[in-house]
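S.K.: So the sequences go chain by chain: X and D. Residue numbering for the first sequence follows numbering that gives the first Met the number 0, beginning at 0 and increasing consecutively. Residue numbering for the second sequence follows numbering that gives the first Met the number 0, beginning at 0 and increasing consecutively.
Keep in mind that a hint or two might mislead.
As the list claims (entries may be wrong) - Derived PhoX-like pairs (lysine-lysine); straight-line CA-CA distance at most 20 angstroms:
(1) Lys-8(X) <-> Lys-84(X)
(2) Lys-85(X) <-> Lys-112(D)
(3) Lys-115(D) <-> Lys-102(D)
(4) Lys-588(D) <-> Lys-567(D)
(5) Lys-402(X) <-> Lys-183(D)
(6) Lys-401(X) <-> Lys-183(D)
(7) Lys-255(D) <-> Lys-84(X)
(8) Lys-243(D) <-> Lys-260(D)
(9) Lys-477(D) <-> Lys-131(X)
(10) Lys-61(X) <-> Lys-71(X)
(11) Lys-102(D) <-> Lys-112(D)
(12) Lys-243(D) <-> Lys-254(D)
(13) Lys-61(X) <-> Lys-494(D)
(14) Lys-114(D) <-> Lys-102(D)
(15) Lys-477(D) <-> Lys-532(D)
(16) Lys-335(X) <-> Lys-348(X)
(17) Lys-578(X) <-> Lys-527(X)
(18) Lys-586(X) <-> Lys-664(X)
To be clear, the hints were calculated from the coordinates, so they are not data collected in a lab.
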Amino acid sequence: MATIYIDNKPYVVKDRQNLLQVCLSLGFDLPYFCWHPAMHSVGACRQCAVKLFRDEKDTRGKIIMACMTLAKDGIRISIDDPEAKKFRAGITEFLMTCHPHDCPVCDEGGECHLQDMTVMTGHTYRGYRFRKRTHRNQYLGPFLHHEMNRCIACYRCVRFYCDYAGGRDLNAFQCGNRVYFGRHEDGVLENIFSGNLAEVCPTGVFTDKTFRRHYTRKWDLQTAPSVCVHCALGCNTIPGERYGTLRRIHNRYNGEVNGYFLCDRGRYGYEFVNGNRRIRGPLLRGPGGGEARPCTRGEALSRMEEALHTPGRLIGIGSPRASLESNFALRTLVGKDRFFSGVSERERKLSAAALEILQRGPARTPSLHEIRRADAVFIIGEDVTNTAPIMALTLLQLVPCKKVALARSLQIEPWDDMSFREAIQQECAPLYIASAAPTGLDDEATRVYHATPDDVARLAFAVAHVLESGVPGMEGLPENVSGLAGEIACALKEAERPLVISGIGGGSLSMIEGAAAISRALRSVCGKGELSFLFPECNSMGLALMGGRSLAEAREVLREGDADTLVILENDLFIRDAKPAVEELLKSAQHIIVVDHTHNRTSERAELVLPASTFAEGSGTLVNSEGRAQRFYRVFVPDGDIRESWRWIQDMISISGRGEAAGWKVLDDIAGAMAREMPEFEAVTRIAPPADFRISGEKIPRQPHRASGRTAMHAHTDVHEPMPSDDLDSPLAFTMEGYGGQAPPALIPRFWSPGWNSVQAVNKFQQEIAGPLKGGDPGQRLIEPAEGVKSASPDKIPEAEGLRPGEWLLVPLYHTFGTEEMSVLSSSVAERVPAPYLALCPEDALSLGIGEGEAAELIASGEAQQRIRVRYLKGLPRGVAGLPVSLPGVGMIDLPQKVSLVIPAKTADTGKV
Amino acid sequence: MRLPPAGNYGVTIGFGSCGIAAGADAVLRKFREEIARLKLPARVDATGCIGMCHREVLVELVSPDGRSFLYGEVTPDRATRIIDEHLVKGHPVREWLVADENKRLESLPYFAKQKKIVLRNCGFVNPEEIADYIQRGGYTALRAILRNGDPDAVIETVASSGLRGRGGGGFPTGKKWRLTRDAKGAPKYFICNADEGDPGAFMDRSVLEGDPHSVLEGMIIAAFAIGASEGYFYVRAEYPLAVKRLRKALSQAGKKGFLGKNILGSGFSFTVSLMEGAGAFVCGEETALIKSLQGERGMPRLRPPFPAVSGLWGKPTCINNVETLASVPWIIQSGASDYAAIGTQTSKGTKVFALAGKIARGGLVEVPMGITIREIIEDIGGGSGTRLPIKAIQIGGPSGGCLPRSLFDTPIDYESLQRSGAIMGSGGMIVLDESSCMVDIARYFLAFTQNESCGKCTFCRIGTKRMLEILERITQGKGHMEDLDLIEELAGKVKIASLCGLGQTAPNPVLTTLRFFRDEYEAHIRDHRCPAKKCKALIRYAIDSSRCVGCGACVRACPAGAISGEKKQAHRINPDVCTRCGLCVETCKFDAIATE
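Bound conformation, chain X alone (with noise of 0.2 angstroms):
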């Protein structure tokens, strides 16, 4: 610790810190541009000006940057030093020379760190006579919005964009005054990071351009703490609702999870929920199928009594992207033996057994945050810039320890940005990445090696062996593969915190029980190492907790007529299985009623629909990856019948005469008999506060104390100003009255505070700058290994398997956008997702005699032949093609399996050699 002056008080404060970062976190407003709390200084705005004084005796002093001087014990600084204060209105005077004065038509007006900082320091009027420099603006792609002239030329979104996300395609042009940030032509921003621009840049150079659609003040939405719905990793987020449509998603910070960043498919996947398939009432369809009818909840009620009269006929089907009480509530309606998890077969079976692992333990599951301090990483099978973006951004920014004792050596911190990457040169910590196809993470990798999904396995279990015995533990291990697994053996055990990653979505169990057993060799050897699985979709992990029996044993069960009854909740079954075997669930059944908020193959199906809540319109629990379970909180109130789903089914429940959902009058009671029922949820009920918090007896609003329009909104329709809706389910209230001050970490429905109407308030809610929200980052572990276990079951390595002529492994490919199933039905999003295709190695695809764009006809067993166009994708092995997953346009087809192709043209048969 050191203890620093600042206008004559002692502080003492964290060591190695810069003075800016020291300053932001003892709650000054000392005003800056370039810094960043991510991206730390560059020193570019010179706008953090302070006076240094060499000794208590120093009267003069002398102007420095904070952001770059070190907060060394017993330094002396001053903040309302008079020259200082000139100095820094004197900064913001300049930069607001060329700043175009459309605050009241920009974006950003209102939440713009700019107009915040030009506040703070006190300019109001500029001295100079001058022309304003001009710039052309670029059309950037759907997700934003570009308008140079408002630039102020901080350099954040470069040294984001490039440095920090990796993106190519953006950069800084020209010199002196003219310098431009942009493409260098016209064109869509390829980084799937690219969103952030508009919450990272300190005005509206960049902005949202999905919402510039439905544009609302930022003092105008009604916010409310949410988490995103569109991968596992649940990055917490801000959605803002007016009108009784979403406007925005925003990031919000959670120092465990995903800190300062979203990803694009979290951003701007929100679009769903405005759009033109929703469900919104409920339907009913008459037993011939056909066109379904929109109905009153009373006639809903009563088709329903009619279903499900006969008790012990009914089976659930629950879902990864319904939340846990949805899950539980089924669960209760139809028994824990009659619930199945609604995920396909090799999906329930590989996340059980990730699930045991990391509850058999001996490694941890860490968060995001834990994650940024590996050191060295080991990626099993997974495309983790494709399936959990924000986990590959974070990968991205992991530096060796080493590297950071040798910056350290030559003076440089880690802060000190631009010296401490001159210095690392770049250098990432090890990052060896085994899988079958190529991943969005390869070009950042030590090594790569692709391979079958066996092969890859094999992989890892050679280097658990070397771990444990110091030699790859199988024979006729090809040399280079015993050489590769040595290498990430030897990296992984150097490291101090070594990491291995892999997951649901290479589809493999034996990977995944690879990276388990070189997780276990890292424990039992060298006592660290952390193990992180990946699962697919947003409460992926919380369904697995749940458990639940496989849809192959639904259709089972149903074919052999122990059942009639199906009720499915949010659940799309022609993604998570075969087209016939859905089809022939669905026949089987004689009664379908679907619970769900976006109309799909399945509910087209159903006799009886339910509008259920999206995230937006309803609150939950979803457990991500790491398996911290979280509170999404809903941001408005529906119109009309959409309701959560459990309370859908908990109306099913009582229909039915039983009294178990008698007692769920809130959220929190559901969680609680969920808690009691099943243990393992028993840390859900302290994720949050509960429904009666309150502070000074007051709840927390949902809109800003500065909205507006609340007396007009409406008055088209009503001239009295409408009582505004209650929410029982939480402390959240949907008016501007409340609770002023800060609300507890899990309930904070935006960043603001007095001076700080940008993202950049959320400095006053941490306990320091990045570091843990005050009162603790929110979320619930629900998984921590067992204690003392030794697991010590031989590995058991699989076989590699050959190919037969003729035959190809085809293995899922992803797609940031295109994979997730909700994403996609966003216009913005939509425009990003590639057309359908099939992926050959070059060399496959010419000794095939096929081109690329050159369709090809795809035969897997079970399945109904696919005719798909044939992409080249170097970095395949051969003898394996890809197919990307869930993408518009292709079939489910369960991955990896073999399959044959056929050339249409051609005829000639699949000539492999």
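With the hints as your guide, set chain D onto chain X.
M.R.: Relative to chain X, chain D alone:
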């Protein structure tokens, strides 16, 4: 120069950029053609700039008996006569001679006060022939230090010679080498900064064009001293001749075993690559240069870490300027004490200046430190090159300042110049006469730095822009007296708030002109008058009817059609139409057009 084969004449033509610009190419062709046609026993050769740029094209003739004759301002026509009279008949053409054995070069006023160390070979060797350089003692210093095998001794020699960085910063070279040698990390890199970008400066270019091997030898010695294994020349792409000659020098040195693996059997290995800069002035700043070399946008960063600790690719790197390196072989050969004997207490050795502007004898001069500005201007340069007296000099390029006549007794050393408000800089010295408007000069240099700012620091990016706008307004007669306070305040902020030298020194031309020529600023603002009659918005042309003969030449020359009048009657200029281009003044043979 190399002696021609016995019985032959040697003809050497000045083939620096200055010579080529003056027409050396045609002269060379002429000599070649004529000598071939007449089958004369003579050999034609090229050399670099000898420094007398004002007399180019220079041609040196060495007769078979070893006597040397230097001709100045040679044209192809004059070449014919020189060949005819001198080569064929043996009678030198006296009226074009610059120097011969009676009027020795060293005794010319231009050379008398110079001390040639860096430029010791320029004009005397063919820069494309390593043999010439070796003949004049080249690479003996390298041989000596490699034989000795003691890097520390080399650093000690350079340190005690007092050599300081000639790029402008003046950091002690020995100390820099010591820091890099002591830094942990391998490999180490050595970079020669040849990104000379100041307007009016051409020292490094001339050295590279005239004597590339001396720079290269200095670099190899430096690399040996710091333990570098790889080196880079970072040269302006706008210096094609320097690049070409340097490439040639690299290949020749490689063939002779001065570069590459196991140099001269010493076990020391060093390779050098050449990289051409893309024209950004800021890339002359060392951290920006490194960025550029790494293929990134050239932007300076805060030091520490200094490149000596973490430079190119994060490794210890030493960066020296061309002139610094060219001094090194001389220091090794002649000894540190000989070098330290030249100059002042704190500034040792010599400094090369590019003498340009309104000077009688412009060119490249190398002077001992401690010489006064007056000696350079008047004794070496011969005073004003126009009818008007000299008003000031601009020294140090865009980072330097303007010094008035009253300060011409300032000695040339780092500290004295700094005290005067200017800086040593890399060696541009522009002479200004009474026709130069000091506000306009300040505006010109500021426009340069403003344009070349990388755009990182706010004050450098925007502050210089605002300063420039104020200066532009003043030169247009639209300034206010408060502008002077504002511009001074701005200049102070730009100085303290910029990260690199470019921004920190950018206000110098403004500050020095404000300090020494405030009256000119005030005349522009208060009286709407440009004392030097330079600023277009503030001048008017008028025809003196007593002198005008009505020839009509000005009417034909005026592009704006502003002049009217009957033939043989005095003409008139319509000031509302006149664009102040000045063509009429140049055209009038009767000095009838006055500037008001």
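S.K.: Do the alpha carbons of Lys-588(D) and Lys-567(D) lie within 20 angstroms of each other, as the hint requires?
M.R.: holds (14 angstroms)
S.K.: Mind checking the alpha carbons of Lys-8(X) and Lys-84(X) for me, to see if they're no more than 20 angstroms apart?
M.R.: holds (18 angstroms)
S.K.: Decide if the proposed pair is consistent with the structure: Lys-243(D) and Lys-254(D), CA atoms, cutoff 20 angstroms inclusive.
M.R.: Holds, because 17 angstroms separates the two Cα atoms, which is no more than 20 angstroms.
S.K.: Holds or violated: Lys-578(X) with Lys-527(X), Cα cutoff 20 angstroms?
M.R.: Not satisfied, since the Cα-Cα distance of roughly 45 angstroms exceeds 20 angstroms.
S.K.: Is the Cα-Cα distance between Lys-114(D) and Lys-102(D) 20 angstroms or less?
M.R.: The given pair, whose Cα atoms are some 18 angstroms apart, holds under the 20 angstroms limit.
S.K.: Given the proposed pairing of Lys-61(X) with Lys-494(D), does the C-alpha separation stay at or below 20 angstroms?
M.R.: holds (13 angstroms)
S.K.: Is the straight-line distance between the alpha-carbon of Lys-243(D) and that of Lys-260(D) 20 angstroms or less?
M.R.: Not satisfied, since the Cα-Cα distance of roughly 23 angstroms exceeds 20 angstroms.
S.K.: For the pair we were handed, Lys-335(X) and Lys-348(X), check the Cα-Cα distance against 20 angstroms.
M.R.: holds (18 angstroms)
S.K.: For Lys-61(X) and Lys-71(X), compute the direct alpha-carbon distance and say whether it is at most 20 angstroms.
M.R.: holds (16 angstroms)
S.K.: Is the Cα-Cα distance between Lys-115(D) and Lys-102(D) 20 angstroms or less?
M.R.: holds (19 angstroms)
S.K.: Compare the distance between the alpha carbons of Lys-477(D) and Lys-131(X) with 20 angstroms, and conclude whether the hinted pair is satisfied.
M.R.: holds (18 angstroms)
S.K.: Sort out whether Lys-532(D) lies within 20 angstroms of Lys-477(D), counting only the CA atoms.
M.R.: Judged against 20 angstroms, a Cα distance of about 16 angstroms means the pair holds.
Checked against the numbered hints given earlier, this structure breaks hints 2, 7, 8, 17, 18; the rest are met.
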